[in-house]
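Colleague: Those protein sequences? They're chains B and F, same order as listed.
If you use the numbering used here, the first sequence corresponds to residues 1 to 603, in order.
If you use the numbering used here, the second sequence corresponds to residues 1 to 423, in order.
Don't read these hints as lab results, they were simulated from the structure.
Treat the hints loosely; a few may be bogus.
Capping the alpha-carbon separation at 20 Å, the derived lysine to any residue pairs in SDA-like fashion look like this [as the list claims (entries may be wrong)]:
(1) F:Lys354 <-> B:Leu10
(2) F:Lys260 <-> B:Asp90
(3) B:Lys503 <-> B:Gln514
(4) F:Lys354 <-> B:Met16
(5) B:Lys133 <-> B:Gln76
(6) F:Lys354 <-> B:Arg12
(7) F:Lys163 <-> F:Gly87
(8) F:Lys356 <-> B:Arg12
(9) F:Lys354 <-> B:Arg11
(10) F:Lys354 <-> F:Ala136
(11) F:Lys163 <-> F:Asp111
(12) B:Lys210 <-> B:Glu147
(13) F:Lys163 <-> F:Leu91
(14) F:Lys163 <-> F:Leu254
(15) B:Lys301 <-> B:Pro291
(16) F:Lys163 <-> F:Leu152
(17) B:Lys578 <-> B:Pro244
(18) F:Lys356 <-> B:Arg11
(19) B:Lys210 <-> B:Gly118
(20) F:Lys163 <-> F:Tyr262
(21) F:Lys163 <-> F:Leu174
Covered, in the sense of this in silico footprint (three residues per stretch, anywhere, with C-beta under 8 Å from a C-beta of chain B), are these stretches of chain F [what the hints assert, rightly or not]:
(22) 284-295
(23) 329-339
(24) 375-388
Using C-beta positions, here's what the derived DEER-type ranges look like [claimed, not checked]:
(25) B:Pro9 <-> F:Arg142: 20 to 26 Å
(26) B:Glu223 <-> F:Ala198: 50 to 56 Å
(27) B:Gly20 <-> F:Val332: 18 to 24 Å
(28) F:Pro216 <-> B:Leu24: 24 to 30 Å
(29) F:Gly51 <-> B:Tyr75: 39 to 45 Å
Ideal Cβ positions, reconstructed from N, Cα and C, are used throughout, including at glycine.
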Amino acid sequence: MAVSEEIPPLRRRVLMGVIGAWYLLIVIALISLQLVEGERYASLARENRQYRTRVLAPRGAICDRNGVPLAENEYQARVTIARRHARVGDATLSSLQQLLELDDAQIVERLERGAEDGRVTIVRHADPVQIAKVEEHRTMLPDVQLEVQPRRTYRFGPLAAHLLGYVGEVRSDETQGEGANALYGPGDMIGRAGVEALAEEQLRGRHGRKVVEVNAAGHVVGELPEGNIPSVPGVRLYLTISQPMQSELEHLLAGRVGAGVVIEVATGDILAAASSPSFDPNEFTGGISAPRWVALNDDLKHPLFNRIFQGGYPPGSTYKLITAAAALERRRITPLTRMHPCHGGLQFGNRFFRCWKPEGHGSLDLLGAIAQSCDVYFYQVGQLLTPDELAETAARFGLAARTGIELAGESPGLVPTTSYYDEKLGRRGWGPGVMLNNAIGQGELLVTPLQLARTYAAVGGDGYLYRPNIVLARENVFGVREVRQVRRSAETVCSQEVLDFLKLSMRQAVAGEQGTGSLARVEGIEVSGKTGTAQNPHGQDHAWFVAYAPSEHPEVAVAVIVENAGHGGSVAAPIVGKLLTTYFTWQTATHADSLARATGVKG
Amino acid sequence: MRRFTQLLGRTDAPAILAWLLLIAIGLAIVYSCAVGLPGGSEGLRSNVGPGTFRNQLLWVAVGVAAAVVCLLVPFRFFETLAFPLYGLALLALLAVLLFGVERLGSRRWIDLGLFSLQPSEFTKAATIFALARFLAMRRGSRPILLVGGALLLTVPPFLLTLKEPDLGTSLVFLALAAPMLLWVGASLLLLLAIISPALGAVVMFYGENVLHSTWPWALYVLLLLLAVFFSRLYMLQSLVLVFSNLVTGLSVPLVWEHLKPYQQQRVLTFLAGEEADRLGSGYQIFQSKVAIGSGGLFGKGYLHGSQKGLAFLPERHTDFIFSVVGEELGLVGALLVVALFVLLVYRALQIGMKAKRPFASLLAVGVATYFAFQSCVNISITAGLLPITGMPLPLISYGGSSMLSSCIMMGLLLNVSARWSEV
Numbered sequence: 001m002a003v004s005e006e007i008p009p010l011r012r013r014v015l016m017g018v019i020g021a022w023y024l025l026i027v028i029a030l031i032s033l034q035l036v037e038g039e040r041y042a043s044l045a046r047e048n049r050q051y052r053t054r055v056l057a058p059r060g061a062i063c064d065r066n067g068v069p070l071a072e073n074e075y076q077a078r079v080t081i082a083r084r085h086a087r088v089g090d091a092t093l094s095s096l097q098q099l100l101e102l103d104d105a106q107i108v109e110r111l112e113r114g115a116e117d118g119r120v121t122i123v124r125h126a127d128p129v130q131i132a133k134v135e136e137h138r139t140m141l142p143d144v145q146l147e148v149q150p151r152r153t154y155r156f157g158p159l160a161a162h163l164l165g166y167v168g169e170v171r172s173d174e175t176q177g178e179g180a181n182a183l184y185g186p187g188d189m190i191g192r193a194g195v196e197a198l199a200e201e202q203l204r205g206r207h208g209r210k211v212v213e214v215n216a217a218g219h220v221v222g223e224l225p226e227g228n229i230p231s232v233p234g235v236r237l238y239l240t241i242s243q244p245m246q247s248e249l250e251h252l253l254a255g256r257v258g259a260g261v262v263i264e265v266a267t268g269d270i271l272a273a274a275s276s277p278s279f280d281p282n283e284f285t286g287g288i289s290a291p292r293w294v295a296l297n298d299d300l301k302h303p304l305f306n307r308i309f310q311g312g313y314p315p316g317s318t319y320k321l322i323t324a325a326a327a328l329e330r331r332r333i334t335p336l337t338r339m340h341p342c343h344g345g346l347q348f349g350n351r352f353f354r355c356w357k358p359e360g361h362g363s364l365d366l367l368g369a370i371a372q373s374c375d376v377y378f379y380q381v382g383q384l385l386t387p388d389e390l391a392e393t394a395a396r397f398g399l400a401a402r403t404g405i406e407l408a409g410e411s412p413g414l415v416p417t418t419s420y421y422d423e424k425l426g427r428r429g430w431g432p433g434v435m436l437n438n439a440i441g442q443g444e445l446l447v448t449p450l451q452l453a454r455t456y457a458a459v460g461g462d463g464y465l466y467r468p469n470i471v472l473a474r475e476n477v478f479g480v481r482e483v484r485q486v487r488r489s490a491e492t493v494c495s496q497e498v499l500d501f502l503k504l505s506m507r508q509a510v511a512g513e514q515g516t517g518s519l520a521r522v523e524g525i526e527v528s529g530k531t532g533t534a535q536n537p538h539g540q541d542h543a544w545f546v547a548y549a550p551s552e553h554p555e556v557a558v559a560v561i562v563e564n565a566g567h568g569g570s571v572a573a574p575i576v577g578k579l580l581t582t583y584f585t586w587q588t589a590t591h592a593d594s595l596a597r598a599t600g601v602k603g
Numbered sequence: 001m002r003r004f005t006q007l008l009g010r011t012d013a014p015a016i017l018a019w020l021l022l023i024a025i026g027l028a029i030v031y032s033c034a035v036g037l038p039g040g041s042e043g044l045r046s047n048v049g050p051g052t053f054r055n056q057l058l059w060v061a062v063g064v065a066a067a068v069v070c071l072l073v074p075f076r077f078f079e080t081l082a083f084p085l086y087g088l089a090l091l092a093l094l095a096v097l098l099f100g101v102e103r104l105g106s107r108r109w110i111d112l113g114l115f116s117l118q119p120s121e122f123t124k125a126a127t128i129f130a131l132a133r134f135l136a137m138r139r140g141s142r143p144i145l146l147v148g149g150a151l152l153l154t155v156p157p158f159l160l161t162l163k164e165p166d167l168g169t170s171l172v173f174l175a176l177a178a179p180m181l182l183w184v185g186a187s188l189l190l191l192l193a194i195i196s197p198a199l200g201a202v203v204m205f206y207g208e209n210v211l212h213s214t215w216p217w218a219l220y221v222l223l224l225l226l227a228v229f230f231s232r233l234y235m236l237q238s239l240v241l242v243f244s245n246l247v248t249g250l251s252v253p254l255v256w257e258h259l260k261p262y263q264q265q266r267v268l269t270f271l272a273g274e275e276a277d278r279l280g281s282g283y284q285i286f287q288s289k290v291a292i293g294s295g296g297l298f299g300k301g302y303l304h305g306s307q308k309g310l311a312f313l314p315e316r317h318t319d320f321i322f323s324v325v326g327e328e329l330g331l332v333g334a335l336l337v338v339a340l341f342v343l344l345v346y347r348a349l350q351i352g353m354k355a356k357r358p359f360a361s362l363l364a365v366g367v368a369t370y371f372a373f374q375s376c377v378n379i380s381i382t383a384g385l386l387p388i389t390g391m392p393l394p395l396i397s398y399g400g401s402s403m404l405s406s407c408i409m410m411g412l413l414l415n416v417s418a419r420w421s422e423v
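Put together the whole structure using the sequences plus the hints.
Modeller: Printed below as a string of structure tokens:
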């Protein structure tokens, strides 16, 4: 007798029913998963293995006028982790932290920056040791990746730092646009100062996108053609500066506090411009550390301050040119006018105004007064002019207004007018005595080194003011170049007659036997220029020298100021002299170079 | 040889068909897992490779050979040797605990040099022998004695495998006993009474950990007391029933405290829905459901599963092989596998009904239960219907011991189907 016959059919049916019901449940579950929710799971499977990633556009390089790269990209590895592990206490994250010996604060700071394309950057610039460690522990660190990213580097360190500016990591409020359309993603660089900020839109290029397929460990196994947007590299900039000139200028200013500008007379191109002391923009690239930032800001010499066109200084005697022009144009004096002789000072009212030369200059005509920079002569010229008259001429010479350089933060300087005095000192709070100070470039007057260089370039050149250029050309990835346009003022700074006289006096100031700027002389080239000593209420005087050369058909104009250095003729003039020597040697060298290139002869 | 062909002619053809088709599908999927996609497992520690398929092919050959041997040997031989084989299996399990190889935190394997074996898989067959032998011998005795005896036979392998730890396998031993008991006359009520402590434990657990209340369990105990009162049981039986319920129910919180955190997490994840924590502890179930679901009606095509190929699917060639079936072959392929198991189990139960000798009948029911329980639990896990416990899909999952053990049971089933009339 079979066992089955001993048991009631109900129990067999229950057994079969239980098993059958279970299988039925499985069939229902499979239909629900694969048919009803199939689409949803199919897209989840796609999300699993595909992710969109950005193809970073290389930031445009910044070169000098001859193509010497000043700011470039260096490729560096960064360590990223999948967002799902980006939380404190995650096992993968903690082992990564231990491996790379990162402290908690760094990790927290990184996590707070958020994810980009589902990945959070843990180390922005991995050093070779860190790269090796991550590579070695690949299998133990699923979802950790090394990604190569460009890093901005400034090959010459602090060279032209105030012009180039620097880049920093973009802030979350600057990313503009959402998701795939965002101009920036977390961790991107953005120009923060100088040309980097000025040409940000062109330099940054456009990031592309691609869709990659990854495996469970996050390793890229392939690319999917759909959804690919190629990246557009940033525009390459050629600056007007010349690296050898810039180096020489910075070398000459090293150890001093001050600024210098060299501009091309015919175009307004800035060939070199430096503010001393400087800083190294490389420090900003990886995100500057807080203590370093505080140190740079608290430095009494203000290395971050751009003295080239943000620093306002009294022009001192360099201003006598403008006082002379104002009086000549209005025919208050002629070049032959002799004032009361100089005996080392002038009594005006109850105050004695000193000349810089205590023993006095004696009787001088205008030419001699400019060349020897006699203060007493100009005290008397000042009395022939009203503040507004002098200010008007100064404005024609390009002072008290921005030069129009494209870089941000330019200071317009200051030339006092009647309304300025009325407002500051009250309608009756001031007298004609202010004109004595104004005439010799002291008092409330403020000019920037760039303004003064441009003014002297106009005097030495055709009499027009040229807009200073810093970007010579922009070249896109296809090699299309857009060259800067030369722009000059509508009118000349003064009449041709006055201009000719000013040129003569400038020449005398350097070449003349008594000229104050004799130390700026250059062998084989005639230099014109003017010294200046800006009185500084806080300490020793600032030394100016402004010049152009060659005197007959000037190519370059130079302005140099050295703070707290005393007399302009002895400190600033030699710097200008050396700078001009470098310029003319460099000019010959590049000329020879291009000649060699053109004829196919190798040096 | 003629004897063999005669014997083969009398075996159950549908069962052979289901068996061989399942093995073929299994080999095909294991091959697919072994091939993967280029770069698919880069950066991962992968234990799947070209050798995987070769090994499985070898084990299938060994398994089929073993099935033929089991078919040839008269089942009386197994009846006689049931208890010694069972004892041997228990010794092997003890040996595992003493000298076993530890992998991924559990000690389940004995290393035999060329290959390693998982004695717990063979213990399943041995336990079926022992249960069949005991129940066939004692059928007609008082049900309570049968239940007690069956428990005495299943609890030792249950505890030994639980210690490895291998929760999935240990549950198989308990599951084997119930249908076989039913087959020899234990009443449904009795079986319900037996499983009531487990039911109570589930109620207690669910109340504590999901509803954060002990009231559901209190209600359950109240219902139990009422049922006991009205069913007029003997005093001793009533006391045993109520006492065992109280003990298991109250021990749930204590046991829970002693579970390993990952075990607690698995259960909680299951209860909370795996998508709540799809990247943490719900990862396996989530990826498995994505694999099956994304297969759709016809699948992504053989060898083209991305979840499998890019290694998102964990344990894809072993416990989660059904997910690969669903992903690459779609609903059609998944239902085919389910249908083949249903056919196999149905035929096994039919053979059990037909067999004249009680031992043979119970053997067939045991085999049916084994295939039904393992396939249902495994597929339910991959479809997200049950929390994760390690359990291979018989005849399909990669693994020599499981393949060999399943083939031996198939051999026994065919043996019974060919000799059903022997008393």
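Colleague: Determine which of the earlier numbered hints do not hold for this structure and return their numbers in increasing order.
Modeller: The structure conflicts with no hint, since it agrees with every one listed earlier.
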